[in-house]
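Novice: Single-letter residue listing:
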Amino acid sequence: MTDSKYHTPEASSLEGRVFRPATANELAEAVELAFDYRGDVTLQLQSGETIEGYLFNRDSTGVRPSVQIYPKGSQGIRQVLYAEVATIAFTGKDTAFGQSWEAWVAKKSSQRRAEAQEATAAAKARGHL
Amino acid sequence: MAVPVSQMYTVATYVLTQKLKGVKRYPLVLMLEPLFRCNLACAGCGKIQYPDHVLDKRLTPEQCWSAAEECGAPMVSIPGGEPLIHPEMPEIVRGLVARKKYVYLCTNAILLERKLDEYAPSKYLTFSIHMDGLRQEHDLAVCRDGVYDVAVRAIRAALKRGFRVTTNTTLFDDANPERVRAFFDEMMTVGVEGMMISPGYSYQKAPDQQNFLKRKKTRELFARILGNRKRTWRFNQSPLFLEFLMGKREYQCTPWGNPTYNIFGWQKPCYLLQDGYTRTFQELLNDTEWDRYGTGRNEKCADCMVHCGYEASAVEDTFGSWSGFGRTIKTTVMPNVQ
Chain U
4 MTDSKYHTPE ASSLEGRVFR PATANELAEA VELAFDYRGD VTLQLQSGET IEGYLFNRDS
64 TGVRPSVQIY PKGSQGIRQV LYAEVATIAF TGKDTAFGQS WEAWVAKKSS QRRAEAQEAT
124 AAAKARGHL
Chain B
580 MAVPVSQMYT VATYVLTQKL KGVKRYPLVL MLEPLFRCNL ACAGCGKIQY PDHVLDKRLT
640 PEQCWSAAEE CGAPMVSIPG GEPLIHPEMP EIVRGLVARK KYVYLCTNAI LLERKLDEYA
700 PSKYLTFSIH MDGLRQEHDL AVCRDGVYDV AVRAIRAALK RGFRVTTNTT LFDDANPERV
760 RAFFDEMMTV GVEGMMISPG YSYQKAPDQQ NFLKRKKTRE LFARILGNRK RTWRFNQSPL
820 FLEFLMGKRE YQCTPWGNPT YNIFGWQKPC YLLQDGYTRT FQELLNDTEW DRYGTGRNEK
880 CADCMVHCGY EASAVEDTFG SWSGFGRTIK TTVMPNVQ
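Residue numbers (my numbering), protein chains in the order written: chain U, 4 to 132; chain B, 580 to 917.
Do not take every clue at face value.
List of simulated lysine to any residue pairs, SDA-like, C-alpha gap at most 20 Å [what the hints assert, rightly or not]:
# : chain 1 : residue 1 : chain 2 : residue 2
1 : U       : Lys110    : B       : Asp718
2 : B       : Lys626    : U       : Ala119
3 : U       : Lys96     : B       : Asp631
4 : B       : Lys879    : B       : Glu868
5 : U       : Lys111    : B       : Glu716
6 : U       : Lys127    : B       : Lys694
Hints were generated in silico from the structure; no laboratory data involved.
Use the sequences and the hints to build the structure in full.
Specialist: Shown next as structure tokens:
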């Protein structure tokens with residue numbers, strides 16, 4: 004059984020937002036938001052380096068809290084210390100936004116049909132149908 | 580009896596061994612998610628919303644086998660995404676079967692008929708077909724017309740070739756009990772070995788009275804579906820779990836019973852919630868604050884009655900005492916007796 008349906012109210016998305024935490028608490032909060040976000044984020048490090056990718060894990064405990072990212076366009080996992088992070092930008096598309104069952108039901112049938120056709124075409128293009 | 584005797588024996592001896600060893604938390608079914616990419620886009624599915632570069636990632640056969648060996652569960656369920664998209668899935672399954680794991684390969688069956696040649700029938704391999712009801716309900720649930728018919732055709736083809744085939748069905752509160760019962764009849768006519776059912780997982784922030792009603796509503800729904808059960812229906816799951824769904828008994832969640840491994844690692848705490856990942860199964864067991872999860876402990880768990888949290892609890896009940904074992908026998912033989 005693979006279904007887990009989102010019935011969470013979807014008032015807004017973080018897509019496009021940029022967080023510049025001023026304190027350790029603000030940074031921890033921003034990391035949590037990034038961890039929950041179903042799109043890519045861009046971290047700007049104190050060193051000036053930027054990393055764009057999917058932040059899939061974080062460990063806020065211990066002496067050296069860190070996040071784990073799958074960088075976009077490269078293999079492997081990148082680990083970054085909280086202390087290295089200057090800003091967190093929600094730069095990638097929020098892939099979960101608007102995907103709840105309720106949102107789907109609320110759509111017009113023509114819109115639902117169009118989305119279904121789009122999904123079918125995408126799966127065909129990848130050779131998955 | 581839906582589950583083969585050899586499988587029941589394996590599970591029973593495994594659980595009893597854990598109990599004799601005094602192991603408090605043991606895995607029963609490894610939920611192995613080798614990829615998140617799917618060829619359907621079911622409305623509300625919480626498993627497939629990731630950026631493309633994440634959807635393109637897959638576990639290797641070696642990672643899958645290693646996870647199965649590391650956690651040691653006797654059964655492996657392979658959901659996703661759609662596992663049949665994974666080009667190395669036949670190899671992954673062969674390796675798991677060679678390790679004598681009872682594999683439930685969960686699929687929407689769109690590709691099944693085409694891929695059957697790549698698999699060999701075995702008592703260790705079951706195709707678990709996602710079927711959310713009769714044609715109308717299923718096609719609506721998966722947001723594509725025609726999928727029900729494709730799946731039924733694939734089930735028949737797989738059965739004809741000697742494969743074990745079950746169905747897995749997720750039901751929400753808006754399900755029509757009579758239609759679900761008709762669906763059970765239909766699946767039995769098609770000839771599947773057994774059916775698996777579970778309520779869907781839903782989570783709303785800010786718990787309120789409605790949340791409590793939701794759990795009550797779920798029980799009422801399953802009581803209407805499973806009450807006066809037909810003798811012809813076969814379920815491929817714990818009879819006590821079905822009783823739990825009907826509100827006849829209470830269980831606390833045992834999320835370690837169905838640990839989840841995917842491209843991110845071992846998922847804390849369960850198949851449905853994502854509170855972080857660990858590199859090893861032992862870290863998952865040691866580092867997860869298990870007491871923070873379950874009914875009455877976490878708002879995200881308030882409504883959850885899903886199989887991945889509670890079926891292992893039902894199995895634990897079966898083997899936890901002679902009375903539990905007796906209840907299981909009684910419920911199996913006389914499901915409609917109070």
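Novice: All hints, please: hold or fail.
Specialist: Going through the hints against the structure:
Taking the CA atoms of Lys110 (chain U) and Asp718 (chain B), the gap is near 17 Å; set against the 20 Å cutoff, the hint holds. Straight-line distance between C-alpha atoms of Lys626 (chain B) and Ala119 (chain U) comes to about 17 Å, which keeps the hinted pair within the 20 Å bound. For the hint pairing Lys96 (chain U) with Asp631 (chain B), the CA-to-CA distance comes to about 10 Å; that is within 20 Å, so the pair holds. Among the hinted pairs, Lys879 (chain B) with Glu868 (chain B) is consistent with the structure: their alpha-carbon atoms are about 15 Å apart, no more than 20 Å.
At roughly 18 Å between alpha-carbon atoms, Lys111 (chain U) and Glu716 (chain B) fall within 20 Å of each other, so this suggested pair holds. Restraint check: the Cα-Cα separation between Lys127 (chain U) and Lys694 (chain B) comes to about 16 Å, which is no more than 20 Å; the hinted pair holds.
Hint compliance for this structure: no hint is broken.
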